[in-house]
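Given the structure of chain A, go ahead and fit chain B onto it with the hints provided.
One-letter residues, chain by chain:
There are 2 protein chains.
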Amino acid sequence: MSTNQPSERLIVIGGVAAGMSAAAKARRSNPGLAITVYEQSGYVSYGACGLPYAIKGEIARVEDVVVRTPEQFAKQGISALVRHEVLAITPDARAVTVRNLESGAVFEDHYDKLLLTTGGAASRIPIPGADMPGVFTLRTVEDGLAIKAWLDELRPARGVIIGGGYIGLELAEALAAHGVALTVVERLPQLQPSLDIEMASHVQAELERQGVDVRLEHGVEAISGDDRVREVTAGGVRFPAEIVIMAAGVRPSVGLASAAGIALGPTGAVAVDDHQRTNLPGIWSAGDVAEAHHLVTGRPAWVPLGTTANKQGKVAGTNIAGGDARFGGIVGTSVVKVFDLTAASSGLSEERARAEGFSVKTVSATAGSRAHYMPGGHPIHVKLVYEAGSGRMLGGQLVGREGVAQRVDVIAAALHAGWTVEQLGELDLAYAPPFSPVWDPILVAANLARQ
Amino acid sequence: MSTNQPSERLIVIGGVAAGMSAAAKARRSNPGLAITVYEQSGYVSYGACGLPYAIKGEIARVEDVVVRTPEQFAKQGISALVRHEVLAITPDARAVTVRNLESGAVFEDHYDKLLLTTGGAASRIPIPGADMPGVFTLRTVEDGLAIKAWLDELRPARGVIIGGGYIGLELAEALAAHGVALTVVERLPQLQPSLDIEMASHVQAELERQGVDVRLEHGVEAISGDDRVREVTAGGVRFPAEIVIMAAGVRPSVGLASAAGIALGPTGAVAVDDHQRTNLPGIWSAGDVAEAHHLVTGRPAWVPLGTTANKQGKVAGTNIAGGDARFGGIVGTSVVKVFDLTAASSGLSEERARAEGFSVKTVSATAGSRAHYMPGGHPIHVKLVYEAGSGRMLGGQLVGREGVAQRVDVIAAALHAGWTVEQLGELDLAYAPPFSPVWDPILVAANLARQ
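These protein sequence lines map, in sequence, to chains A and B.
Residue numbering for the first sequence is 1 to 451, as defined by our numbering.
Residue numbering for the second sequence is 1 to 451, as defined by our numbering.
Worth flagging that the hints you see were computed from the coordinates, not collected in a lab.
Check each hint, because a few of them may be wrong.
Here are some of the chain A residues that sit facing chain B, going by a computed Cβ distance under 8 Å [to be verified]:
1) V82
2) F107
3) T333
Once the Cα atoms are required to be at most 25 Å apart in a straight line, the calculated SDA-like pairs of lysine to any residue come out as [to be verified]:
4) K361(A) - G328(B)
5) K148(B) - G129(B)
6) K75(B) - G129(B)
7) K361(B) - L295(B)
8) K56(A) - S29(B)
9) K148(A) - K75(A)
10) K361(B) - G42(A)
11) K56(A) - K75(A)
12) K56(B) - S123(B)
13) K361(B) - Q204(A)
14) K56(A) - M132(A)
15) K75(B) - V444(A)
16) K56(B) - G368(A)
17) K56(A) - G376(B)
18) K75(A) - D112(B)
19) K56(B) - G225(A)
20) K361(A) - S29(B)
21) K75(A) - R27(A)
22) K361(A) - H378(B)
23) K56(A) - G129(B)
24) K361(A) - D324(A)
25) K75(B) - N100(B)
26) K56(A) - Q204(A)
Every value quoted in this text rests on a predicted model; they were computed, and no experiment measured them.
Glycine included, each C-beta is placed from N, C-alpha and C at the ideal position.
Bound conformation, chain A alone:
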């Protein structure tokens, strides 16, 4: 694709969920657009959320999480260049400086429109030994391949996962499937911070039931070894480990944006409007690097999830191609499978709602996943968070062995609608004995609420 064509030129920095969904949407909407994607890693358009299952071995090959290859994008007229790192954006010249990581060559490219979808990066806690062989983070396909290879080749007997958020929890299941005896060390007094502590305790109990050693309020202090990792020290305790995963959070990759004068929002991620525009003309942003409007707080939030990245990418692609699309905002819905348990939440936890300044009430209930007389059912724990006085729903959490993953979507819908907990309790939800009690667990909880 030659730059002396008269067509308008789009450069996309970062080719995972947001970047590639934007590129594909822009291509469909405006066949005349010249589109180049620069991606630092060796893969574009992959489902990073699938990597724990690839490591586990449930997915045959790690590369199976790739949705489309550069060759497939080329057939659509999208030039997706992997192993190309963008070093700088020069907005005044509408230029980017790029390094080909294979050849080392550095070159300039020019855009009419730029989409910044650099995503997020796993936090590496700055402690001794953090870069030792056998210490991994998980973001890219290469990370997944490296962890899988380490497991397959070294067959580690013991491992430590640093961080009890959803990536740490999913990797606990994945590593346990390889026979690794695991310790999860977490700095906070609970796992999975999107849940309130009493709901997170069910997740902890499931890990422990599966033989995982969970150490809360154990901040990691050092990693040590010889030619490879041998030990993690956390909370003053030494844990032997032949594999260590750092899953201690994610941060938005805003280095390029900041250097180019692209404004960040209050969360530290790139500020965007509902059309995914940044403060600079001709530059859009989307996905894990960007903020999103949170419909419960009415303020910008940074909740890096694949669903939002895909939606924002599609909106950005439409607008870049000359259309007019608007991103409706998020309520912060997520779900995680932890061995045989599922934990899900939408909106604000009680703790978070208080921190946001809401006057909070909560109601909790436990009800069956099936009619009481049906075999095979399991309890579902429900917690609803709502505003005192108005009764307006602020969030909800569910934990159970079945019927959790889509049930949380009803809470998400209530948050989108701005319903009160009473309105939530009036919903005409589906019922058949294999799938629910006649009073759905969400209705049971909602009907116990007192405004």
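Here is chain B on its own, set in the frame of chain A:
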């Protein structure tokens, strides 16, 4: 409980879902109320929806579907009298005439407040042989016990189910588990009339995959046999059968109401306001005998389901006890398990929406129940029905092997909220690879819609 006490007296006619939830709620709200329930069958407070699973053998004993016994209600101060048929209501005298079906004795009882929860009755098609031994309907625990006994004792090799609605479909699974070779005969050109015909075709395919002979447009003409049933004739074809289930629809049991001057609505069920009041002072009604306000059409509807019965019963009980509760209405959400398939719908089908006079558009999509790279996923077929021009959601249907039962609740929420299909497509739904693709099947369908 003696009638010469000064306390206010509530009589409930019919002690299943609506009646007993009303009685229990009224008791909790007003401890002074004297409450008597007359129930024609031998059981109160049972989950009729569980009966197919009891017949199947998945539930150990048919009686396990009973939630609470008359003895348990007695401890709460509720007198629940089974095998008592109310023969007449005399509103002017605030009296009911009751027959004790055990002793044959007929007596009068007086009420201050009356709740009519007589439910529905299975339609018996008036054809020769409809009352022959081995021909069953299914509404009560006794019906379930009779079917189970027939299966266990006579071990029928062949059976016919008359009617392809949800009770017929659930009983197909139940009877097949007993080794009965089955034919389902249905008068209409499709099964499960809450679905549009192309969605119902997936249900038909599942039945056929399970070895069930499905005969559409085969109206039943005769049932014949000797001391017991031997054959069903439908659509001119003779089907041998040692067991026959009539599952050809349900009608509201309005005989008592009509005779007493209680007004029926346009659907033929008892007309009620949002407080479950009938046209007669001091008389409430709820459950399968009553109508409900349909939030999509804005008109009364008759959709007899256990969920609505429980909710309406609770509202009636609150109001009878002197409180002020309002039933918010229905959107007509239901789900049925058919062997390994689940079919669900909420709101209006395309056919029904057209019949209601809406200008209708639809969109259909098929998407995975899990991320594309996850093993064990199955396609989910989604159809959304919405209003041309406004884009307002009118209904939705889902069919698939997993992830259907709660997913339909998102459509139910959209109907409660009065959202457009575009608004439905903006929802922040939960995603993790074991539970959904990154674009939920509902979002895939909604985003294909063009207003």
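To see whether the hints hold, each was checked on the structure:
no. : hint              : in the structure
1   : V82               : violated, 19 Å
2   : F107              : violated, 33 Å
3   : T333              : holds, 5 Å
4   : K361(A) - G328(B) : holds, 23 Å
5   : K148(B) - G129(B) : holds, 21 Å
6   : K75(B) - G129(B)  : violated, 45 Å
7   : K361(B) - L295(B) : holds, 19 Å
8   : K56(A) - S29(B)   : violated, 54 Å
9   : K148(A) - K75(A)  : violated, 31 Å
10  : K361(B) - G42(A)  : violated, 44 Å
11  : K56(A) - K75(A)   : violated, 33 Å
12  : K56(B) - S123(B)  : holds, 22 Å
13  : K361(B) - Q204(A) : violated, 48 Å
14  : K56(A) - M132(A)  : holds, 22 Å
15  : K75(B) - V444(A)  : holds, 24 Å
16  : K56(B) - G368(A)  : holds, 21 Å
17  : K56(A) - G376(B)  : holds, 15 Å
18  : K75(A) - D112(B)  : violated, 78 Å
19  : K56(B) - G225(A)  : violated, 60 Å
20  : K361(A) - S29(B)  : holds, 23 Å
21  : K75(A) - R27(A)   : holds, 11 Å
22  : K361(A) - H378(B) : violated, 40 Å
23  : K56(A) - G129(B)  : violated, 61 Å
24  : K361(A) - D324(A) : violated, 39 Å
25  : K75(B) - N100(B)  : holds, 22 Å
26  : K56(A) - Q204(A)  : holds, 20 Å
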